[in-house]
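Residue numbers (my numbering), protein chains in the order written: chain A, 9 to 434; chain B, 9 to 434.
Since the hints were derived computationally from the structure, they do not count as laboratory data.
Ideal Cβ positions, reconstructed from N, Cα and C, are used throughout, including at glycine.
Errors might be hidden in some of the hints.
Among chain B residues calculated to face chain A with C-beta under 7 Å, some are [stated by the list, open to error]:
| hint | residue |
| --- | --- |
| 1 | Ser115 |
| 2 | Trp352 |
| 3 | Asn356 |
Listed below are the simulated EDC-like cross-link pairs for lysine to aspartate or glutamate, each with C-alpha atoms no more than 20 Å apart in a straight line [said to hold, decoys possible]:
| hint | chain 1 | residue 1 | chain 2 | residue 2 |
| --- | --- | --- | --- | --- |
| 4 | A | Lys72 | B | Glu53 |
| 5 | B | Lys63 | A | Asp66 |
| 6 | A | Lys137 | B | Glu52 |
| 7 | A | Lys180 | A | Asp66 |
| 8 | A | Lys72 | B | Glu52 |
| 9 | B | Lys137 | A | Glu139 |
| 10 | B | Lys137 | A | Glu140 |
| 11 | B | Lys72 | A | Glu140 |
| 12 | A | Lys295 | B | Asp175 |
| 13 | A | Lys63 | B | Asp64 |
| 14 | A | Lys63 | B | Glu243 |
| 15 | A | Lys330 | A | Glu412 |
| 16 | A | Lys42 | B | Glu53 |
| 17 | B | Lys330 | B | Glu243 |
| 18 | A | Lys74 | B | Asp151 |
| 19 | A | Lys371 | A | Asp44 |
There are 2 protein chains.
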Amino acid sequence: MIYKLYENLSKEQLKGEYLTLKKEYESFKNLNLKLDMSRGKPCEEQLNLSLNMLKDIDINHFTKTKQGQDPRNYGLLSGTLEAKQFFSNILNVPTEKIIVGDGSSLSLMFDYISMATNFGLLGSTPWNKLEEVKFLCPCPGYDRHFAICELFNIKMINININQNGPDVNQIKELVEKDHSVKGIWCVPKYSNPTGITYKNEIVTALAKLKPAAKDFRIFWDNAYAIHHLSQQHDELLNIFEECEKYNTQNMVVEFTSTAKITFAGSGISAIAASEENIKDILNIMSKRIICFNKINQILHATFFNTTEKLEKHMQNHAKIIKPKFDLILNKFEKELKPLKIANWSRPNGGYFISFNALNGCAKRIYELCKESGVTLTSPGATYPYSKDPKDSNIRIAPTYPSIEDLKIASSIFCICVKLATIEKLL
Amino acid sequence: MIYKLYENLSKEQLKGEYLTLKKEYESFKNLNLKLDMSRGKPCEEQLNLSLNMLKDIDINHFTKTKQGQDPRNYGLLSGTLEAKQFFSNILNVPTEKIIVGDGSSLSLMFDYISMATNFGLLGSTPWNKLEEVKFLCPCPGYDRHFAICELFNIKMINININQNGPDVNQIKELVEKDHSVKGIWCVPKYSNPTGITYKNEIVTALAKLKPAAKDFRIFWDNAYAIHHLSQQHDELLNIFEECEKYNTQNMVVEFTSTAKITFAGSGISAIAASEENIKDILNIMSKRIICFNKINQILHATFFNTTEKLEKHMQNHAKIIKPKFDLILNKFEKELKPLKIANWSRPNGGYFISFNALNGCAKRIYELCKESGVTLTSPGATYPYSKDPKDSNIRIAPTYPSIEDLKIASSIFCICVKLATIEKLL
């Protein structure tokens, strides 16, 4: 098949192409499919990798922690040492700077913003007493981050993001001059959705920031810290070590979880922060909860009792999902690349492919896909206020559907991209 | 031994009695004990009752819920049907009106207050936009409830509580006239710490309230719903059924958990509320968390797959802790009753004995106990702002220590009560 660049086609030729594609589209539509590439969910085979965590459990692990406490009873608000060590290995942060929470790291972020809003951070004025609070949002980014800001009426400012990370000049300008800028959302490794990992100089530049607001915080959502897709791992600089050089340790709060390591929703999560911030958080947290689920902490720490087990486990995840990424990427390579009507990410890890259509086409692609039974993440979702200024970005989540489903879904997607592009050109 | 009423003794006789007691006290003090009757914690034998929950698990339960969802993946924010049914049986509330959370019901209460503060309830003005927010606090009550109010700067008003429940006239007066009264804390069954269960007429009177504030809520903390100590169960009227009669269903939000059924901190919890309130809560909750730990929900629902199992399980708890309550109560009966220097509760369930010393003696009893190695709940803790106006109430938690430890601790406690009383009288 010889691809003709749409831009070189006459209107008539484009219309012809459109009608051919539309027929193909209709034939898929008649299949009444129900395919979902909208959310970063693990698939059943991935979940099965952790099922042995619940099998053949040595009950003795639950009656006593390494430090001699009974994990079945109240106590240990900041978590068991075993679970802290587990996260310490992943994040390369000492256990004293870690709090282990329940399944959701999102809720830890939400609660930290809620704490800042109601009570203030390290003695600063609570944000609800301020005229305006702003957050910087490198985008495309994670929709649930933006939804929290929107709920708390925090004004979001778009920050450009490229292959190296977010635009640090733009960030520096805003953070260092405007004291109402209180936070920035970062997914620094295998970023949601772009898949990029912040380059060393970006991490350093962030650690060197001199914020106008004492209570400015970098929300370092390291959700995909060890979620490599291939042997070719991205490396992320340890931001806390950088912060130590510039005495800005209180500026960063890091989050992670095992949602995509063990069970989505039933894993364990963690906050890593300076000892001052940890103390500040525990002070408020202690009014909310006596302790988190330590049985689950022990389950996780026992299942991953060596670094090798965890590494092997993550390799097994990759074995399952890498072919899904490849399938989609190969399809794009074959169907879309020759037409030069879109570009997309080729991530070394994480859960997403970030797809950029011709400007003004994303919503239409979403609609066309939806009508033919393929659910995508809502267009705009990767931007604050669900407003993609270019109406171009689409987040594709290949992990959950089966290979068979992905084959069909990606075919339909490519047809929809072509249709929407031609509609735009006509 | 013939007891002489202290009030009939001369100062000299009292001094003599004091010196005798002090010698006994010092001999205990020299033992360097470390006993704790401060918190309502289950003991190891109680925790062992649930250990089989984690043993011989049929893995198939975790791969599919009754409704066919995979509980290991994201989804089901309001909980699995299995877990809702579990709580539905306990609370006698339909599953549609239940959200199942993680281990802590306290955090559900905290989050509901946080939600009201930041975003408002059912469209009402957020509490942080109001001049003043007040809560009614039947007391003695639960210290952690009061700590939440204090943190959120909610003004607490003491409400008297007697054998029948809180003073509904006082409540009615305040709730129906003052629109800044936004809530009341109730532990309606085997109350913390008084052990009383609200009488039917009290529950009805609460359900009939016509609050000045639309967003007034009864926080119905039914923590001890099935935590009977004997065959003689207290019965609590279903407040939601009462509310239906008076069309006040939105006024009540009920909370409970398995903290003292299975594992303290690693159990599951629930909110029960009107469908409108449930929708309101889920709306905010969905921004905070994708879903709670459904593996743990399945563990619980599977372990208690019949009502009989749960009943038997609670009887086993009672078998372990009833002797501890009896030991303390018998000691009080023998040592303190003849002196008429204190009174105390004899609860049919729950986790506490509420002890009322001679006015002005509680702090001193606490100190004396502390010096001799017996930790009690901080005096005043059972009152808002930790201020017991009479300095009289002490909450005794007999469940955690061993029978042997309780024998010593209760002996020391009785001596300290006598010493503090004589000091007061002298």
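Cross-check of the supplied hints:
For Ser115 of chain B, the suggested interface contact is upheld, since its CB lies about 4 Å from the closest CB of chain A, less than 7 Å. Because the closest C-beta pair between Trp352 of chain B and chain A is about 24 Å apart, greater than 7 Å, the hint is violated. Because the smallest distance between the Cβ of Asn356 of chain B and any Cβ of chain A comes to about 24 Å, over 7 Å, the interface hint for this residue is violated. Under the criterion of a C-alpha separation no larger than 20 Å, the hint pairing Lys72 of chain A with Glu53 of chain B is consistent with the structure, at around 14 Å.
Annotation: proposed proximity of Lys63 of chain B to Asp66 of chain A holds, straight-line Cα distance about 8 Å (limit 20 Å). Taking the CA atoms of Lys137 of chain A and Glu52 of chain B, the gap is about 46 Å. The hint is violated against a cut of 20 Å. At most 20 Å may separate the alpha-carbon atoms for a hinted pair to count; Lys180 of chain A and Asp66 of chain A exceed this at roughly 52 Å. Annotation: proposed proximity of Lys72 of chain A to Glu52 of chain B holds, straight-line Cα distance about 11 Å (limit 20 Å).
Taken as a hint, the Lys137 of chain B and Glu139 of chain A pair is honoured in the structure, with Cα atoms around 13 Å apart against an allowance of 20 Å. Taking the CA atoms of Lys137 of chain B and Glu140 of chain A, the gap is about 15 Å. The hint holds against a cut of 20 Å. About 46 Å separates the Cα atoms of Lys72 of chain B and Glu140 of chain A, which puts this hinted pair outside 20 Å; it is violated. With a CA separation close to 27 Å, the supplied pair Lys295 of chain A and Asp175 of chain B exceeds the 20 Å bound.
For the proposed pair Lys63 of chain A and Asp64 of chain B, the alpha carbon gap of about 8 Å is at most 20 Å, so the pair holds. The suggested pairing of Lys63 of chain A with Glu243 of chain B is violated, with an alpha-carbon distance near 40 Å, which exceeds 20 Å. The suggested pairing of Lys330 of chain A with Glu412 of chain A holds, with an alpha-carbon distance near 14 Å, which does not exceed 20 Å. Pair hint Lys42 of chain A plus Glu53 of chain B does not hold up; C-alpha atoms about 51 Å apart against a cutoff of 20 Å.
For the hint pairing Lys330 of chain B with Glu243 of chain B, the CA-to-CA distance comes to about 19 Å; that is within 20 Å, so the pair holds. For a cut-off of 20 Å, the pair hint linking Lys74 of chain A to Asp151 of chain B is broken: about 31 Å separates their Cα positions. With a C-alpha separation of about 16 Å, the suggested pair Lys371 of chain A and Asp44 of chain A falls inside the 20 Å cut-off, and the hint holds.
Taken one by one, the earlier hints fail for this structure at numbers 2, 3, 6, 7, 11, 12, 14, 16, 18, listed in ascending order.
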